[in-house]
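Protein chains: 2
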Amino acid sequence: MHLKWLLLFSLLFAGGLLFKIVRNVKGVQENLPSSDISAPFVLKLFPQKKLRKLFNYDGLWLFPQRQCECEKQPGNYIFQDFYNKSELEAVKERRKAEFKHFQRREGLPQPPPVLAQPNIPFGYPVHGVEVMPLHTIVIPGLQFNGTKVPSYKVTLKALLGTLNTLADTPDYEVMGRGHKKLVILTLSQNRLNFILQHVTYTSTIYHPGVVDIVSIEFGSAVAKFPVNVNQPSIPKLYDPGPEKKLKNLVTIATKTFLRPHKLQILLMSIRQYYPDVTVIVADDSEKPQKINDTYVEHYIMPFGKGWFAGRNLAVSQVTTKYVLWVDDDFLFTKDTKIEELVDVLEKTELDVVGGSVSGNLFQFKLLMEQGEDGDCIHKRSGYFEVLNGFPNCVVTSGIANFFLAHTESLQRVGFDPQLKRVAHTEFFIDGLGNLRVGSCSNVVVNHQSHAKASDPDQASLEKMYSRFRYNSQDQIKFKLTLHYFKNHLQCYTQK
Amino acid sequence: MHLKWLLLFSLLFAGGLLFKIVRNVKGVQENLPSSDISAPFVLKLFPQKKLRKLFNYDGLWLFPQRQCECEKQPGNYIFQDFYNKSELEAVKERRKAEFKHFQRREGLPQPPPVLAQPNIPFGYPVHGVEVMPLHTIVIPGLQFNGTKVPSYKVTLKALLGTLNTLADTPDYEVMGRGHKKLVILTLSQNRLNFILQHVTYTSTIYHPGVVDIVSIEFGSAVAKFPVNVNQPSIPKLYDPGPEKKLKNLVTIATKTFLRPHKLQILLMSIRQYYPDVTVIVADDSEKPQKINDTYVEHYIMPFGKGWFAGRNLAVSQVTTKYVLWVDDDFLFTKDTKIEELVDVLEKTELDVVGGSVSGNLFQFKLLMEQGEDGDCIHKRSGYFEVLNGFPNCVVTSGIANFFLAHTESLQRVGFDPQLKRVAHTEFFIDGLGNLRVGSCSNVVVNHQSHAKASDPDQASLEKMYSRFRYNSQDQIKFKLTLHYFKNHLQCYTQK
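Protein chains in written order, with our numbering: chain A, 650 to 1144; chain B, 650 to 1144.
The hints are all genuine.
Subject to a maximum C-alpha distance of 30 Å in a straight line, what follows is the list of computed BS3-like cross-link-like pairs (lysine-lysine):
hint, chain 1, residue 1, chain 2, residue 2
1, A, Lys894, B, Lys734
2, B, Lys1126, B, Lys1028
3, B, Lys734, B, Lys1144
4, B, Lys939, B, Lys1112
5, A, Lys699, B, Lys806
6, B, Lys698, B, Lys1144
7, B, Lys893, A, Lys1069
8, B, Lys954, B, Lys1126
9, A, Lys885, B, Lys885
10, A, Lys939, B, Lys954
11, A, Lys1069, B, Lys885
12, A, Lys1069, B, Lys894
13, B, Lys721, B, Lys734
14, A, Lys954, B, Lys896
15, A, Lys893, A, Lys986
16, B, Lys885, A, Lys741
17, B, Lys702, B, Lys721
18, A, Lys830, B, Lys873
19, B, Lys1069, A, Lys885
20, A, Lys797, B, Lys693
21, B, Lys885, A, Lys749
22, A, Lys741, A, Lys1144
23, B, Lys1028, B, Lys996
Calculated from the structure, these hints are not laboratory results.
Let the hints inform the model, and build the full structure from the sequences given.
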């Protein structure tokens, strides 16, 4: 009879426990809207249609695709169309070969990402370990936190360097010191961690700019992490001098061709406000005219060598921190305050900041999509965002031909001397990935009048100038095929 | 009585087990030399003396230190010593300010490494995730593998971008789509992993070259990993043309000053072997003489503008993939095979490859140690290693003034126009971290005789030339203080 009561009690107890469990589960479920409880627990992704509504910017879908595309519209270009059909195949072969060489030098394509597995008993550095070629560092963050076992065997391996530890241990406890494989064999987890804390990596190959993948294993648990072998770029600082005078901070640069009278007007307007700032003039006129100005450096080029060649030449001669680019037909006014542009570059991380040319800012964004057959470039007028701390200024990709730049950045990107006549956007495309560009509306330079000169010699030069300046079909074709080959682009759209 | 036998048997069995266990432990210990078993298990590092014997290269201890040092020896320089004592403090202040600006623009100093903790139930990418500014990517490798619980709450956070997932889920299961914080709340580990597999990261700020740190957490377990926001550099490929003619691959560049007769001899020797390769001549002579050669491009500079200014100018005008630098007093011979140097650059990842000038290779290594008050540069003659695949060639840091280079690399590093007279090593120091340099002994150019010219006009020019060429104390002082400020160096040693 006691047994009967015992059985009844057990059943009641078990029933009560079961009830509590079910109620807990239901309770969790009750936090969820009950109407969806019945929704099938099917694993599904968003349909393509819905996906296309996400991840858009300026009407472009900036999500990984194998191939990018450009809408067929007037003003948009598919670059390969501008080659003669007969030469296109050979061009494609050559571009492919040159691209391969480029990729080899840049370490592209990037290897697949290194993935950390869950529940690995190791601590290790995920990001940020860097060593100069042939140097040694202590690898931070290595630790072991696993189950206690009688003995521990932990193996570290490197590919492009050797390993060691600063821990002073008996020979049998750490083997392979100074080699690519280091084996730690110890009885104490404490000692293991002490040894790991002081593991060193020595870079042994003189090949800066590579990433070594170091592995650490214990039994079947393996973790891998990157060590960047990198020689940091040496700084190129400019001494502004004790008084930080503008003439020691800024050089003005320009190119002139068959317009000495306009150049003269520009120079006189500059001297009104900046009497002693150096002006560098690159001149590819047929008969360059002497310039009477103590602070002008005049460079003579072969006749008609070209627009961007002249820009590259002028910039190559600058010895100050900043260079102000102006066209030879600009006109300085009281609103052409170079100091304002200097202030923007001094206080931000921008490389280039443009101003306004007679009220025109010419701001445009360049967005890029990658593709197997070449990338797609999309030019959109406007800007990305307002520049922090400078309400009159914005961040964008391209600007007018009136800008202040870090000399070092301009020299690094360069103006392609293959561009002989009309060109502008090409410089900003070449700068993609290397130039941070801003634009401020409060610094203004004027444009000289476009009216023809009355003096017959000047008028004659101007006539020759406009013949060179005409953006002919041949030139357009040249520039488009240049984008195809040089920049490995597929096509271009603009809005 | 059965009980007695049972007891005896159990004791024997237990004794046998115990013996086996002890023997196993001893067995492990026996693999270790027994003489060290008794060594105290003290955790200690190598003493400084022993450490100094490790991690050496060319007699330099390449291990992290707060400050680096240069031996005081003739030929070695402590750069700040070359400033006037009165100006030194002000110079230090200015250099500190300019260095701060540089660091801000370069994202330095690097933040401390991101460390992975042990036993985190997450899988995630450790290295290699990259996204273009404003673009979206799927984050690879995210997974959860933890203990089964009734419900899972996993939170992801980004700083410089927004998060989402391609998984089509009810609203309550994933919250914060398109924001910096994404919260996943689900009952099924299966569904959790499906959602995680398809998590996307969208870059939202237009600031290329930064690293976002994304975190993923479950309860107290947190993992962090980097996402590189990077706009890849756009390629600058050169079309070698259908026949890969040398004239379409290589431009020869030189600078001349007060030595038109030597330049003429150089040109004639070039034309013997290369009749139509373009030669670019930068000329800052007082009265530049006309050059009669269809394939020479002659650039006139202000008188005495300078050595490196001229080099920078010449290189700025090159439109071919490669540029061959020569001095104006060289002499081409049948061993001056440009094609051999082209072959080296085409097949390796080098940026520059030098040849021999009348048997002299001038190879030297540049090793750098970092330090708070500026870095230390050590110049050592010789090379690092033989160039893979080219037994006549080596990898080094500096070479003679006879070399073939990728035009794009040379333009990127540049020749500092502040260096007006004697300079050589400065270019290779500026190139540290940016130029991979090689040197081959099998391609030779000769040096013209140093004998004075007999023609009186030429002799007069040569006399003026040697006055400019004299490496005066003022010039040496200028170059040393330039290293101090511009390159943020502390000192220099040479062997």
